[in-house]
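S.K.: Spelled out from the first residue to the last, the chains are:
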Amino acid sequence: MNRYHVLPTILLVTMLVTAKPSAASESKLGAAIAGATEPVSGQLVDAVIPLPENTVLAREKHPSGSFWVKTRKDQIERFRCSRCHSGKANQPQVNDGLKLAHGGINLSHGQQKLPCTTCHHKEQRDFLALEGGDKIDFDHAYQLCGQCHFRQKEDWIGGAHGKRDNYWDGDRVIWSCTECHNPHSPRFETRWPKTYSKTLNK
Amino acid sequence: MCSSKKDKEQSLLLQGRPGKKSCRNSRRTFLKGALAAGGAALLTGCGAMPGSSEEFALGWSEYFKKNYRLMTEEEKQETATRLERLADLKRKENVQISTKEAVGNVLYGYAFNISRCEGYMDCVDACIKENNLDRKEATQYVRIFEMEHGQMNVESGNGKYFHEVPVEDKFYMGAQCFHCEDPPCVKACPTKATWKEEDGIVVVDYDWCIGCRYCLAACPYWGRRFNWNEPEVPSEELTKKQHYLGNRRRNKGEMEKCTFCIQRSREGKLTACTEACPTGSRVFGNLLDPNSEIRYVLKKKKVFRLKEELGTDPKFWYFMD
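In the order they appear, the protein sequences are chains W and U.
Here the first sequence is numbered in this note's numbering, starting from 1 and rising by one per residue.
Here the second sequence is numbered in this note's numbering, starting from 1 and rising by one per residue.
Source of the hints: derived by calculation from the structure; they are not laboratory data.
This structure is a prediction, so every number in the text was calculated from the model and none was measured.
Quick list of in silico lysine-lysine cross-link-like pairs, DSSO-like style, CA-CA up to 27 Å:
id	chain 1	residue 1	chain 2	residue 2
1	W	Lys113	W	Lys153
2	U	Lys252	W	Lys202
3	U	Lys301	W	Lys153
4	W	Lys122	W	Lys99
5	W	Lys28	U	Lys301
6	U	Lys240	W	Lys194
7	W	Lys28	U	Lys196
8	U	Lys92	U	Lys240
9	U	Lys240	U	Lys196
10	U	Lys160	W	Lys202
11	U	Lys196	U	Lys65
12	U	Lys241	W	Lys194
13	U	Lys100	U	Lys192
14	W	Lys202	U	Lys307
15	U	Lys136	W	Lys198
16	W	Lys70	W	Lys194
17	W	Lys194	U	Lys160
18	W	Lys198	U	Lys129
19	U	Lys300	W	Lys61
20	U	Lys160	U	Lys129
21	U	Lys301	W	Lys61
22	W	Lys28	U	Lys187
23	U	Lys136	U	Lys160
24	W	Lys28	U	Lys302
25	U	Lys252	U	Lys241
26	W	Lys153	U	Lys302
27	U	Lys129	W	Lys70
28	U	Lys299	W	Lys153
29	U	Lys252	W	Lys198
30	U	Lys92	U	Lys76
31	W	Lys70	U	Lys300
32	U	Lys92	U	Lys65
33	W	Lys194	U	Lys170
34	U	Lys136	U	Lys241
Selected chain W positions facing chain U (Cβ under 10 Å, derived; list incomplete):
id	residue
35	Ser27
36	Gly30
37	Ala32
38	Ile33
39	Lys198
No residue lacks a Cβ here, since even glycine has one placed at the ideal position from N, Cα and C.
Use the sequences and the hints to build the structure in full.
M.R.: Now the structure itself:
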């Protein structure tokens, strides 16, 4: 078992012991929040909020309407894949080609090795593919990930997983799954912290 | 005559601000000196000699200005303009000081995902830069602590880890000002130099703070920071986009704290810590919008707040998946 599995259970137990169940609705604040049921439409602050470049309209619905995701194709160095992967055979015929071309890819996604074509389209390499074979644009990889990780995708749409870009107000722009997760080894890497934190009373 | 609570409050504010520590003398002795010796005493009485008569005049107007909350729209604009000019004269810093007000229908709230944070502390660093925090004393508004399982007390968390993160079997927890709806710090202030804005942000009028630190003592969440010394931020590292109630330069003897990056949030931006977080553990937004991310978290996740029994109603929730 890793930390992601252990954590919630232990925390929940401690929480129940140390904290009262959320008294949110009993308080003034709780009442204010509970009372705010009317969706707020449009931008609230008086400021210019530009839609960042390199975003696409998400192919998902959010209660507030449309939202945008940051694009990925412009970030993928080898795109377009069809420069090499084209023609009938669709495979460049080279010895050790996979290693030569994509040697940097070290699949470590879950316990079993997922074959490349679980995610990549079999014929058209410029696209990803759903289980049924439907083509998925690289900019909408969340549709692919959501196939297996529906809980995370739901939270991502709602806003508890992933990240909004830059502004809380105005048009909603969020990061796509692959902005944070390398699909081939999606776990976050360990690294040195940027700085340290002083003790609380300092 | 009827004297409402508001009148009383106003008269207290209008009595003028008590002595500022940046000038060693109390205000009273300062004034006495000024009367006795005329302008010369003013020039020498308060530390360094102002560089020019313009600087002197600006400094004079600044010294006698009102509490920010009592200023008219116009007076706010004037003091911001004076401060911008002074920054230029004193340090050749080209800053823009906003006085942007809260807008209706907005109440800021914050949520922190303790099962997602990896302890990288990009947030801590971003906050220091955005808010022009004292580099010498290494002042921090935002902190991250490495926690043992089952431990919920940030006071005993370790913030000085020197190893790669995350570590298996540990989790990471952030702490900062929780912007209580019923903030004990505000009640403790004898000069009304700190208050809660309409959008829920607890702010400090640095120029009205007398440095008594009652607020610091009253805060159960370690949310406030005191400048024991003259804070130091190199001009070239200064964030130039500022707010009067936010990241403008503070002085020795003044209290400061997280303002939910008021200079950013009131422009529709996320706080610097939220933006810097590479894991998406930080959620900031409008509590009055049922479709906001923060409302989704409150509705769908197991959330809790620290020391809820105190009834301070913090607008900062921890949650987990």
